[in-house]
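Start counting the sequence shown at 522; every next residue gets the next number (the working numbering).
Rather than coming from a laboratory, the hints here were simulated on the basis of the structure. All values reported here derive from a predicted model rather than from experimental measurement. Every residue, glycine too, gets a C-beta built ideally from N, C-alpha and C. Among the clues, some could well be false.
To be verified - Here are the computed lysine to aspartate or glutamate pairs in the EDC-like style, where the Cα-Cα straight-line distance is at most 16 Å:
#1 Lys1072 with Glu1031
#2 Lys1541 with Asp1487
#3 Lys1043 with Asp1095
#4 Lys601 with Asp568
#5 Lys1118 with Glu1031
What the hints assert, rightly or not - Computed beta-carbon distance windows for the label pairs:
#6 Leu1426 with Tyr1156: 55 to 65 Å
#7 Lys1135 with Tyr1156: 42 to 52 Å
#8 Arg1423 with Tyr874: 57 to 67 Å
#9 Lys941 with Asn835: 30 to 40 Å
#10 Gly889 with Met1543: 51 to 61 Å
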Amino acid sequence: MAAGPAYGEEKGGSSSLGEPEYGHDPASGGIFAADYKRHDDLKEMLDSNKDSLKLEAMKRIVAMIARGKNASDLFPAVVKNVACKNIEVKKLVYVYLVRYAEEQQDLALLSISTFQRGLKDPNQLIRASALRVLSSIRVPIIVPIMMLAIKEAASDMSPYVRKTAAHAIPKLYSLDSDQKDQLIEVIEKLLADKTTLVAGSVVMAFEEVCPERIDLIHKNYRKLCNLLIDVEEWGQVVIINMLTRYARTQFLSPNQNEFLLEETAEKAFYGSEEDDTKDAKAEAAPLAKRKPYVMDPDHRLLLRNTKPLLQSRNAAVVMAVAQLYFHLAPKAEVGVIAKALVRLLRSHSEVQYVVLQNVATMSIKRRGMFEPYLKSFYIRSTDPTQIKILKLEVLTNLANETNISTILREFQTYIRSMDKDFVAATIQAIGRCATNIGKVRDTCLNGLVQLLSNRDELVVAESVVVIKKLLQMQPAQHSEIIKHMAKLTDNIQVPMARASILWLIGEYCEHVPKIAPDVLRKMAKSFTNEEDIVKLQVINLAAKLYLTNSKQSKLLTQYVLNLAKYDQNYDIRDRARFIRQLIVPTEKSGALNKYAKKLFLAQKPAPILESSFKDRDHFQLGSLSHLLNTKAVGYQELPDWPDEAPDPSVRNVEVPEWTKCTSREKRKEKVEKPFYSDSDGESGPTESADSEPESGSEESGSSSSSSSSSSGSDEEEEEEEEEEGSGEQSEGKEEEEEKRPKRKEKDGSQQAAPNSVGSPSEEEAEDEGAKKAKKKAVLQGRKGCAETSEEEASSSESSSSGSDSGSEAEATRRKPPPGRRAVPKEISLLDLDDFTPPPPQPVSSSSIVSTSLVTDLEGLTLTDTSLAPTLLSPGFGTVRTYELLHRMAGEGLSVEYCFSRRPFLGDQHMVAVQIQISNNTDTEVKSLRVSEPKPLSGMRIQEFPEIERLAPGETASVVMGIDFCDSTQAANFQLCTHTRHFYVSIQPPVGELMAPVFMSENEFKKEQGKLTGMSEITEKLMLSEKYRSDHAIVQQVTSAANVGRVPCGANNEYRFAAKTVTSGSLVLITLEQREGAAVQLTINSEKMVIGTMLVKDIIQALAQ
């Protein structure tokens, strides 16, 4: 009765508009709540003229989305408010549109011009949201519009908008990979951005679009290293992983000469001076061949700048730095990551699981790194089983002769645990310790033998398996243990343990000659009741005893082999047949009989107990592939170290040459090139990576502050250049030159105030800080200028103009003429006829949109009342039969069905299903009917007339109609007889949900022109050899789908048309043959889901 109050509360709550109203979950009792009423209220609020009501409605809608409720039916009401002047409402509308634009693409396309206006909004949040919505509409037809929007956003004043542009790049690339070259140009431009907000996002776009273009990173490497500490955590992880791969391709391995260094160190420490002089010549030879390793300064810069991030609060950042150090740092320095990883073990169990996986891999190669933290890996009773097993793995890897006694004491405690999986893993860990450390082998073996008297059968079974592996190392010394284990065959029931005991007795039967035949006698008695794995070992034991002690075991062996000969399992029958021919000499047995003893009693090597993490280090640590121990989709292999170091000068950034020239050359050059190049603030060619940390932090700080409004400062810089470059100026006028930019700066800030993005005070402060830094650099350059050659000047011109070309063009395009006050015309991305792209960023011919783009978008209208196609009779494709009820499941009643492809007489919106019922029993079946159909919402089932009698051996054929609602979901119902009820379901292939349509070629083209954009799906395929003739192609398509062929004038094209049975939506299929067996398949349909599924079915029919 909980539904009553909930219904009442909800009904009453909908009347008050003051407070946000939250819908009930079905679990809360409001099952009968009328959701549509609440949505009607929201629609009324969204349609009102008051911004307060609209804001309240949007808050409630966003709250619904946050709780996982479906609000897609409100899309038309919300999208109307995208042009609302209230900034708060507009923000929430964009939040909603980002969530649902991909689902409601046709409605979102209608508002595309509003989104484009949003790209020019003075508020940076609106500009970014508009770009985010635009990139969420996954329709190929607007790719050129998205491309232009991303290019404009990449030059935006606001770093937040530039960051959003970087996020949009992978979305556009996944939609149309042909845009890769243009996107790489945008990525290259954004990589030069000095803002920390943009860095992480653009590196992510780089990793998604062009990870192989390592050359784009060279010039930005030092900047990324210096900015890393200030980038957001998500960006830090992405940048660190990218720089790990970069460093593996650009630097030499720091551990390549390690073995030589270790040898020389030992001799220097222990040897006397005489020994040193004697061995000097011997050591000179190998060291002369390989130069002593000197770490590249850029390599050191990366290690030094990532080290502070080990103290990050974010576990993913710490893990990323840990894997970087493990893969890149010298062995002596890797130890610094151990403490940070141990700190993460105090985090949630999910984080612990990932960290322990990586620690287990590291501890195999770098055991000493984690030895000081041994106690941190002790197991707590509250740990989940997976964490316990991973900690066991680490403890076993860290075990050595000094700490083994402590670890074994821990293991003794663990064996008493109630967690059986953990106990089994502990026993295996004891076995591994015994294998790896020889001096504790006997101790471990004795401890495991004591466990054989444990009450828990699983503990005993696991101990037997481990003891078996240990005994293989020294079988002669432990015959007493083998005898003890032979007595356990009466009690242990676990198949693996019994099989292990039998294998041990058979393998070392000469050590227990009296006991082995008796064990075989007992096992022969219970042979038929044993598991298959035990039976196989009994046969092996019988064969070995026959070869070593045939007097006592000959009859027993024959008895066991006779039992096995008639066993149900074919493996056991085959093994018995094979062993009989091998060990029992007969006239037919061949030469193998002589070697039977060597075959069965050959010396077996002792098994090596290894860690399951031994070979995982070929995957990059911290990656999903390492976690799963298999290559995941999108995983990029970690490159091998190069044999020779690539040229380090590629990472040098040209220093602006104006700091080195005389005043005359400076004046001449300022007219031609920008005042500052984009490479300022980065490390120059003379800057060593081992410079003071203070200078690095100052550099990163100034670069991040000066670039917060890059395009605005570019305009002011050009004005400064024009003033300083025009006219002859002597060195005595330096003070006037300093005052003049200040005046310009004030004027520029006042003009830019109305169009500012964030708060004006923040931007002015940032601009002033940037100007001060620039003026300081100007004065220093003027004081210490020196003469340089014209070649240096020209080289700096080329480098800086290449990096600054985009910003120059942007500044000159935006700057209005001095005498003109009119507001510049807003460029709409749809009006592409009178829009010319800037010269530095030419658009390829493929991306220029034709003048018919507006009409193309109008053609996306999804309804057409004039269409009245004529239905055709079914095609000649073969009719496939499906099984509805097997005669075994139906107790002799078998039912098959097929889609007859004829109109169902009762209802034209139903698919006709022909059902054939066969009575395979000896008795008459009565009252065959359909009962309790349970179709999904919207589906309808028209039952066939009841069959009163069906005699034995007879078959009846009936037709029933099903309205599948243009869906491939199954229709469920009961098939009943007078005695039984059978639950069955009919699931239609997508090709049976339609009926053929007749139309002329012109009508086909006209309708196809309406169904473009998101209603069009194109795929390429290769025809199978047997389906290359006209007849075969038509037959395969008509068998895959119930379509009619449309006449076509071209020889290399095939056209088919149909409409869906329920809604009457057109489905148009075009097959165009290209060179050889290549074919392009195009399907045009309003029903995108049906089109997608139909593409798969037709490709499968033609390519199989």
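Starting from the hint list further up, note which numbers the structure goes against and sort them upward.
Those not satisfied are hints 2, 3, 7.
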